[in-house]
Each structure stands twice: as structure tokens, then as C-alpha cells.
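A.B. asks: Sequence:
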Amino acid sequence: MQRQKNNLTQTGIAITVLGVAVYVAVTIGHMLLPLAGWAILIGIIIAIVGLVTPGRSSY
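By the numbering used here, the letter at position 35 of the sequence shown is numbered 98, and the numbering carries on one by one without gaps.
Don't take each hint at face value.
[Claimed, not checked] What follows is a set of in silico ranges between Cβ atoms, one per label pair, in the way DEER data are often shown:
id, residue 1, residue 2, range
1, Q73, L96, 31 to 39 Å
2, I109, R66, 30 to 38 Å
3, I105, T72, 26 to 34 Å
4, I91, I111, 55 to 63 Å
5, K68, A88, 24 to 32 Å
6, V80, I103, 26 to 34 Å
7, L98, G75, 46 to 54 Å
8, L104, L71, 29 to 37 Å
9, A102, G82, 43 to 51 Å
10, T90, L114, 33 to 41 Å
11, V85, I109, 29 to 37 Å
[Said to hold, decoys possible] Pairs of lysine to any residue residues, derived as SDA-like cross-links and limited to a Cα-Cα distance of at most 20 Å, are as follows:
id, residue 1, residue 2
12, K68, A84
13, K68, T79
14, K68, V80
Derived from the structure by calculation, the hints contain no laboratory data. A quick note: this is a predicted structure, and the numbers were derived from the prediction, not measured. For each residue, glycine too, the CB sits at the ideal point set by N, CA and C.
Starting from the given sequences, assemble the full structure and let the hints guide the process.
C.D. replies: Next up, the structure:
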């Protein structure tokens, strides 16, 4: 009985930790969402500039 109780406790703690981790990840994701749009836009601009400019030898 004690072993089953320990397993239930460990399972409950694991589910709680997983839930907290997902909550934190989603919260951070919502805060960084505007930055993701800017990153995509800047990446596209840099790619276009790289295609348009003549090739230069790198170091």
C-alpha cells in the first residue's frame, strides 16, 4: 500500500511540474510572439539583400 501511495505521489508531482512547465512556456511564448514576427520580417529582408548584392569573398 505504501509503495502504491508513493507512486501516486510521484505521478502527481510529475504531472504538476509538467503543467507548470507548459504554463511558463506558453506565457513566455505569448510575450515573445511580437518579436517572432519582427524576426521573420528581418530575416526575409536580410535574405533579399543577400540575394541582390553582388557576391563578395568572405574572410
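A.B. asks: Compare the structure with each hint and give your call.
C.D. replies: We went through each hint and held it up to the structure:
no. : hint                     : result
1   : Q73 <-> L96: 31 to 39 Å  : holds (35 Å)
2   : I109 <-> R66: 30 to 38 Å : violated (58 Å)
3   : I105 <-> T72: 26 to 34 Å : violated (48 Å)
4   : I91 <-> I111: 55 to 63 Å : violated (30 Å)
5   : K68 <-> A88: 24 to 32 Å  : holds (31 Å)
6   : V80 <-> I103: 26 to 34 Å : holds (32 Å)
7   : L98 <-> G75: 46 to 54 Å  : violated (35 Å)
8   : L104 <-> L71: 29 to 37 Å : violated (49 Å)
9   : A102 <-> G82: 43 to 51 Å : violated (28 Å)
10  : T90 <-> L114: 33 to 41 Å : holds (37 Å)
11  : V85 <-> I109: 29 to 37 Å : holds (33 Å)
12  : K68 <-> A84              : violated (24 Å)
13  : K68 <-> T79              : holds (16 Å)
14  : K68 <-> V80              : holds (18 Å)
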